[in-house]
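S.K.: Residues per chain are reported as follows:
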Amino acid sequence: MSPPERRARLSPRAAQLPPETREELRRHLRGLIENNRVMIFSKSYCPHSTRVKELFSSLGVDYNILELDQVDAGASMQEMLFEMTNQRTVPSIFVNKVHMGGSDRIFQAHQSGLLQKLLQEDSTYDYDLIVIGGGSGGLSCAKEAATLGKKVMVLDFVVPSPRGTTWGLGGTCVNVGCIPKKLMHQAALLGQALLDSRKFGWEYSQQVKHNWESMTEAIQNHIGSLNWGYRVSLREKGVAYVNSYGEFMGQHKIKATTRKGQETFYTAAKFVIATGERPRYLGIQGDKEYCITSDDLFSLPYCPGKTLVVGASYVALECAGFLAGFGLDVTVMVRSVLLRGFDQEMAEKVGSYMEQHGVKFLRKFVPVTIQQLEKGSPGKLKVSAKSTEGAETIEDVYNTVLLAIGRDSCTKKLGLEKIGVSVNERSGKIPVNDAEQTNVPHIYAIGDILEGKPELTPVAIQAGKLLARRLFGASVEKCDYINVPTTVFTPLEYGCCGLSEEKAIEVYKKENLEVFHTLFWPLEWTVAGRDNNTCYAKIICNKLDNDRVVGFHVLGPNAGEITQGFAAAMKCGLTKQLLDHTVGIHPTCGEVFTTLDITKSSGRDITQKGCG
Amino acid sequence: AMAAMARALPRPGRRFRWRIWASAGGVRGAAGGAAGQQDYDLLVIGGGSGGLACAKEAAQLGRKVAVVDYVEPSPRGTKWGLGGTCVNVGCIPKKLMHYAALLGHMIQDAHHYGWEVAQPIQHDWKKMAEAVQNHVKSLNWGHRVQLQDIEGALEYGITSDDIFWLKESPGKTLVVGASYVALECAGFLTGIGLDTTVMMRSIPLRGFDQQMSSLVTEHMESHGTQFLRGCTPSRIRKLPDGQLQVTWEDRLSGKEDMGTFDTVLWAIGRVPETRSLNLEKAGVNTNPKNQKILVDSQEATSVPHIYAIGDVAEGRPELTPTAIMAGRLLAQRLFGQSSDLMDYNNVPTTVFTPLEYGCVGLSEEQAVARHGQENIEVYHAYYKPLEFTVAEKDASQCYIKMVCLREPPQLVLGLHFLGPNAGEVTQGFALGIKCGASYAQVMRTVGIHPTCSEEVVKLRISKRSGLDPTVTGCG
Numbered sequence: 001m002s003p004p005e006r007r008a009r010l011s012p013r014a015a016q017l018p019p020e021t022r023e024e025l026r027r028h029l030r031g032l033i034e035n036n037r038v039m040i041f042s043k044s045y046c047p048h049s050t051r052v053k054e055l056f057s058s059l060g061v062d063y064n065i066l067e068l069d070q071v072d073a074g075a076s077m078q079e080m081l082f083e084m085t086n087q088r089t090v091p092s093i094f095v096n097k098v099h100m101g102g103s104d105r106i107f108q109a110h111q112s113g114l115l116q117k118l119l120q121e122d123s124t125y126d127y128d129l130i131v132i133g134g135g136s137g138g139l140s141c142a143k144e145a146a147t148l149g150k151k152v153m154v155l156d157f158v159v160p161s162p163r164g165t166t167w168g169l170g171g172t173c174v175n176v177g178c179i180p181k182k183l184m185h186q187a188a189l190l191g192q193a194l195l196d197s198r199k200f201g202w203e204y205s206q207q208v209k210h211n212w213e214s215m216t217e218a219i220q221n222h223i224g225s226l227n228w229g230y231r232v233s234l235r236e237k238g239v240a241y242v243n244s245y246g247e248f249m250g251q252h253k254i255k256a257t258t259r260k261g262q263e264t265f266y267t268a269a270k271f272v273i274a275t276g277e278r279p280r281y282l283g284i285q286g287d288k289e290y291c292i293t294s295d296d297l298f299s300l301p302y303c304p305g306k307t308l309v310v311g312a313s314y315v316a317l318e319c320a321g322f323l324a325g326f327g328l329d330v331t332v333m334v335r336s337v338l339l340r341g342f343d344q345e346m347a348e349k350v351g352s353y354m355e356q357h358g359v360k361f362l363r364k365f366v367p368v369t370i371q372q373l374e375k376g377s378p379g380k381l382k383v384s385a386k387s388t389e390g391a392e393t394i395e396d397v398y399n400t401v402l403l404a405i406g407r408d409s410c411t412k413k414l415g416l417e418k419i420g421v422s423v424n425e426r427s428g429k430i431p432v433n434d435a436e437q438t439n440v441p442h443i444y445a446i447g448d449i450l451e452g453k454p455e456l457t458p459v460a461i462q463a464g465k466l467l468a469r470r471l472f473g474a475s476v477e478k479c480d481y482i483n484v485p486t487t488v489f490t491p492l493e494y495g496c497c498g499l500s501e502e503k504a505i506e507v508y509k510k511e512n513l514e515v516f517h518t519l520f521w522p523l524e525w526t527v528a529g530r531d532n533n534t535c536y537a538k539i540i541c542n543k544l545d546n547d548r549v550v551g552f553h554v555l556g557p558n559a560g561e562i563t564q565g566f567a568a569a570m571k572c573g574l575t576k577q578l579l580d581h582t583v584g585i586h587p588t589c590g591e592v593f594t595t596l597d598i599t600k601s602s603g604r605d606i607t608q609k610g611c612g
Numbered sequence: 001a002m003a004a005m006a007r008a009l010p011r012p013g014r015r016f017r018w019r020i021w022a023s024a025g026g027v028r029g030a031a032g033g034a035a036g037q038q039d040y041d042l043l044v045i046g047g048g049s050g051g052l053a054c055a056k057e058a059a060q061l062g063r064k065v066a067v068v069d070y071v072e073p074s075p076r077g078t079k080w081g082l083g084g085t086c087v088n089v090g091c092i093p094k095k096l097m098h099y100a101a102l103l104g105h106m107i108q109d110a111h112h113y114g115w116e117v118a119q120p121i122q123h124d125w126k127k128m129a130e131a132v133q134n135h136v137k138s139l140n141w142g143h144r145v146q147l148q149d150i151e152g153a154l155e156y157g158i159t160s161d162d163i164f165w166l167k168e169s170p171g172k173t174l175v176v177g178a179s180y181v182a183l184e185c186a187g188f189l190t191g192i193g194l195d196t197t198v199m200m201r202s203i204p205l206r207g208f209d210q211q212m213s214s215l216v217t218e219h220m221e222s223h224g225t226q227f228l229r230g231c232t233p234s235r236i237r238k239l240p241d242g243q244l245q246v247t248w249e250d251r252l253s254g255k256e257d258m259g260t261f262d263t264v265l266w267a268i269g270r271v272p273e274t275r276s277l278n279l280e281k282a283g284v285n286t287n288p289k290n291q292k293i294l295v296d297s298q299e300a301t302s303v304p305h306i307y308a309i310g311d312v313a314e315g316r317p318e319l320t321p322t323a324i325m326a327g328r329l330l331a332q333r334l335f336g337q338s339s340d341l342m343d344y345n346n347v348p349t350t351v352f353t354p355l356e357y358g359c360v361g362l363s364e365e366q367a368v369a370r371h372g373q374e375n376i377e378v379y380h381a382y383y384k385p386l387e388f389t390v391a392e393k394d395a396s397q398c399y400i401k402m403v404c405l406r407e408p409p410q411l412v413l414g415l416h417f418l419g420p421n422a423g424e425v426t427q428g429f430a431l432g433i434k435c436g437a438s439y440a441q442v443m444r445t446v447g448i449h450p451t452c453s454e455e456v457v458k459l460r461i462s463k464r465s466g467l468d469p470t471v472t473g474c475g
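As they're listed, the protein sequences go chains A and B.
The opening residue of the first sequence carries number 1 in full-length UniProt numbering; numbering runs sequentially from there.
The opening residue of the second sequence carries number 1 in full-length UniProt numbering; numbering runs sequentially from there.
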């Protein structure tokens with residue numbers, strides 16, 4: 001018995017052990033798991049364990065067994081196993097490094113054939129899994145697979161934007177997506193708070209300026225710490241991280257190319273493609289030379305000045321919103337509808353709030369050429385645009401043109417054609433079955449490159465984790481893409497879950513739906529003297545199914561915080577009656593959903609007449 | 001509070017003013033007039049949130065209804081309009097003043113986000129109080145604060161009935177009590193830059209989850225609110241310069257200590273307004289200890305045709321939306337076809353302390369008491385709101401815990417959330433718990449990124465595992 005184990009016995013909780021002892025214990029268990037085709041952690045008196053031993057004997061399979069009640073560090077080992085597998089009970093069984101679970105699971109796997117499949121697997125490849133793309137989805141899948149005892153590699157490489165912007169590990173969300181945009185949104189909200197604060201008695205000099213550089217530096221510092229955190233966590237989980245561009249060379253072989261052009265080849269039993277998307281360009285004169293995209297905006301070393309945002313995606317509206325919040329002159333050029341795919345009544349309300357707060361909209365125009373008039377930081381650009389409905393053309397000068405017309409999947413230069421993975425010709429998206437499997441059985445795909453799935457970080461994270469558990473654990477749980485909540489962080493936030501009104505009508509027919517709605521006035525806005533008929537709440541109920549809520553929409557401050565809990569409730573079958581029977585939290589915005597009593601079909605007035 | 005407002009400390013000889021708001025068939029004021037004998041289907045005593053909700057609902061059901069309401073001025077002479085505690089001296093003004101304090105923090109944060117605001121930054125109480133009062137007056141649509149029998153308390157102390165209506169800044173303030181009213185008031189007073197001390201006899205936020213409660217006070221303490229724990233005031237004297245000299249006793253050491261303040265705010269609890277209603281004459285039973293009216297699940301008192309809702313009823317949560325819903329449901333049972341009872345379980349609420357605390361369902365202590373330690377599983381996490389990172393704010397007390405039954409599918413018994421916008425976060429989850437959410441279902445809900453509420457659907461670590469629930473730098 002080694003000294004660390006003696007200490008372990010005195011303090012049976014693995015979590016309370018010194019870190020080095022924990023690591024040693026973990027390594028010891030890992031070794032047992034990795035070096036034995038079948039590893040059983042058991043207790044000598046456990047009847048379930050006995051049945052499992054009998055099963056493996058009957059299959060003629062060798063196994064190693066550790067009786068936790070007969071070794072000194074047994075209790076600590078059991079704690080550590082729990083930490084590694086989330087299972088505390090014995091027997092705890094690993095087959096070919098995969099945690100199978102307890103005896104019930106083993107017998108199930110035996111019946112379904114999964115056990116035989118796992119026993120046959122051999123490891124002639126360098127890795128059990130290679131993940132291409134170190135974004136939210138890829139990292140979550142890689143880390144989970146490593147937790148399940150697999151040998152995993154992540155290939156991540158950021159191709160610089162046409163303007164030369166590049167970034168660290170973590171993908172779009174962390175570097176050029178959710179994180180910096182929410183922080184800039186917060187900066188803009190604080191600008192509004194400064195205005196409101198005077199109404200609440202705060203007094204300070206009238207001159208308030210916004211400094212783009214100091215904000216950007218603070219945000220980039222935070223992102224840098226996140227990049228570092230991801231690298232550390234991969235190392236802790238034992239995942240190999242290679243900063244190279246991956247391209248398939250064969251069914252199980254991939255070429256990894258570094259920034260300097262150095263090539264290395266790796267093989268793996270399974271692959272997960274999680275390469276994500278990058279902003280689309282217009283394909284007109286001057287777009288790549290002079291325009292920026294969201295890839296560049298968050299680390300722009302200078303204030304963008306007078307800005308034209310091209311597009312009406314959520315990225316476009318969010319960026320336009322916070323830029324206007326810093327006091328910049330912002331125009332949004334929209335080809336057709338705002339926030340395609342979202343509830344259009346809500347989308348128009350989002351737009352009209354922005355318009356009331358200084359953002360200009362040019363509807364039904366598309367840019368034709370972008371010319372540089374002056375270099376500089378920022379310089380001057382002349383934009384010519386034409387109407388989508390007639391011959392009308394317009395011209396204007398901006399300091400910055402930000403393109404946010406959509407995003408393209410990064411699936412073109414992966415060598416997928418070489419191994420026969422089908423890709424949607426038009427969209428570049430990869431079709432998968434409900435288990436995220438492509439048409440090539442050992443190749444899987446997750447995240448934004450999936451066809452017809454929500455392009456959201458938490459979805460990719462969930463999908464990646466569950467995929468790893470199905471591939472390497474004993475899980476059968478699939479990612480549920482239904483009722484995924486999301487929030488658009490425009491100046492007035494828009495949160496939703498479930499169906500838009502248009503989609504609900506398409507699915508359920510108008511006569512089977514009841515829509516409840518109201519305008520509301522957040523308490524904090526009253527004293528601040530802000531608009532009283534702007535914030536809006538709407539739910540869509542299916543009359544044929546007990547008034548079940550099939551769509552939830554809220555436009556107001558903190559919409560994201562409000563929507564999350566309702567999304568959980570929709571998972572549990574939320575109905576209008578339950579909303580009516582739930583007590584509100586007073587005074588909040590969220591409580592408005594517990595007192596909705598006006599139906600849209602009644603046509604009754606929903607404006608607020610000054611009192612609550 | 002619905003039953004009319006008798007005074008906690010009656011002063012003989014004071015005239016009561018009665019307001020009558022009457023309605024028949026939904027027509028406001030149809031029955032008019034204050035004096036004389038009137039015949040009504042329903043007489044509501046108390047024009048607070050619960051009383052008005054009940055009255056309106058009954059009127060909508062075609063009944064002839066009258067509401068009798070009066071506000072006896074507080075010992076300091078503060079009085080207000082129709083609408084009861086919540087609107088006039090409760091939720092509404094306190095949340096607005098809480099927001100004023102939050103704005104003060106936002107002005108500080110703004111600097112980190114690139115906003116250049118020149119010093120000095122000051123706060124003008126008068127301007128805020130006027131703005132808040134103007135809003136409250138525009139709404140105008142019981143239960144009173146209890147004062148202890150302490151020398152000087154009545155003359156020199158104020159209560160939450162007065163604080164929101166003060167014309168001048170309260171200055172250096174001593175808040176006596178550890179109720180949510182006490183902590184909320186101390187929180188926003190500190191937030192607008194006043195020197196604030198809380199004196200508490202024993203534990204903070206009695207009845208709430210105690211782990212959460214101590215995180216709430218820990219956060220307040222780290223943001224400048226001072227705490228005198230285990231102390232009780234013994235007397236207050238007015239000094240020649242107008243300041244108040246407070247003497248208190250440290251209950252542990254038995255020693256006396258002394259301090260001077262500009263304002264002493266009493267928030268030690270509230271007593272129901274039942275004493276002057278002559279309830280015993282009508283045969284309505286009350287709890288002799290706290291004067292609350294005893295009711296059954298139908299809200300009926302010991303006298304079949306007399307009902308009680310809101311803060312005056314024994315064992316009910318003292319919350320505005322609860323009173324409103326109980327009032328509406330009561331009217332529907334009395335005059336409509338409904339038999340729906342008010343469900344007092346899983347009532348969500350939020351304490352608007354500087355770091356907000358939202359909760360629904362059972363506290364950990366209650367869950368242990370009801371189900372046994374062995375049969376519950378508590379999932380918990382410390383988290384860092386994204387907005388705190390750039391603002392370089394301390395997130396040591398941002399904490400979530402979900403109390404579940406241990407047996408699969410691990411039904412959720414209670415949710416406790418400490419962090420920004422806790423009220424908004426908690427509301428939806430209250431619905432989830434009402435729908436019978438299990439831990440597994442909550443975990444299958446996709447998060448909204450980046451928000452604080454997504455941390456709830458990412459709770460993986462159980463207390464029992466002993467694993468570290470602190471954040472490790474990245475998502």
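No lab work stands behind these hints, which were simulated from the structure alone.
There could be a bad hint or two in this list.
Heads up, simulated BS3-like pairs for lysine-lysine below, C-alpha to C-alpha not over 25 Å straight-line [said to hold, decoys possible]:
no., chain 1, residue 1, chain 2, residue 2
1, B, K137, A, K453
2, A, K199, B, K137
3, A, K429, B, K167
4, B, K458, A, K453
5, B, K458, A, K199
What the simulated footprint calls covered on chain B by chain A, stretch by stretch (three residues with Cβ under 8 Å from a Cβ of chain A suffice, anywhere in the stretch; the number is not a length) [stated by the list, open to error]:
no., region
6, 52-64
7, 189-199
8, 238-247
Computed beta-carbon distance windows for the label pairs [unchecked claim]:
no., chain 1, residue 1, chain 2, residue 2, range
9, A, S44, B, R251, 53 to 61 Å
10, B, Q108, A, E355, 26 to 34 Å
11, B, R251, A, K478, 38 to 46 Å
12, A, L195, B, E168, 53 to 61 Å
13, B, G62, A, G390, 56 to 64 Å
14, A, Q577, B, G62, 21 to 29 Å
15, B, G224, A, G224, 47 to 55 Å
Remember, it's a predicted structure, so these values are computed and weren't measured experimentally.
Ideal Cβ positions, reconstructed from N, Cα and C, are used throughout, including at glycine.
S.K.: What are the numbers of the hints that this structure violates, sorted from low to high?
M.R.: 1, 3, 5, 6, 7, 8, 11, 12, 15
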